[in-house]
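Asks: Sequence:
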Amino acid sequence: EEGQLVALLGTGKINPQSKIILTTRVYRDEWFESRSWRCQEYKMKLLNGDESLDLLSHHAFGSKTPREGFKELAVQVVQYSEGNPLALEVLGSSLSNKNTIRLWKSELNLLPYTAFDTEFDSGSKIGPKWTQDFDLSTR
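Under the numbering used here, the first residue of the sequence shown is numbered 2, with each subsequent residue one higher.
Each hint can be trusted.
Each computed DSS-like pair below joins lysine-lysine, with the alpha-carbon atoms no more than 25 Å apart:
(1) Lys99 <-> Lys65
(2) Lys65 <-> Lys106
(3) Lys106 <-> Lys72
(4) Lys20 <-> Lys46
(5) Lys44 <-> Lys20
(6) Lys99 <-> Lys72
(7) Lys65 <-> Lys46
Because the hints were derived from the structure by calculation, they are not lab data.
All values derive from a computational prediction rather than experimental measurement.
Based on the sequences and whatever the hints tell you, model everything.
Replies: Right, here's the structure in full:
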């Protein structure tokens, strides 16, 4: 809502050299119509399941595939991120120094859940809409 933008950006002047990146799944043209802000819209391409797993693995493990024993958790992180490349990079980088499954689970259980009320410890898949994107036996 517009109130959220005003709360985030304020009503005062913003330095013209500033670059502010807003991400949203619900974009409305009218958010920026009445503002004197110079805005540029960029529609991010979401990654499919395999691309997401590759990107996460690159940032978390430094390779194209998850480390042995981490595949199930990596898939759950991919499901959580819903193909958002920035989320995958940030999560992968933040998990890169966590070298045990226990540490991964501990970190992942701190993530806020909006669409799902599942713990990473439970063993169940997060985001049933993503399960068809993965054939774990082929990776």
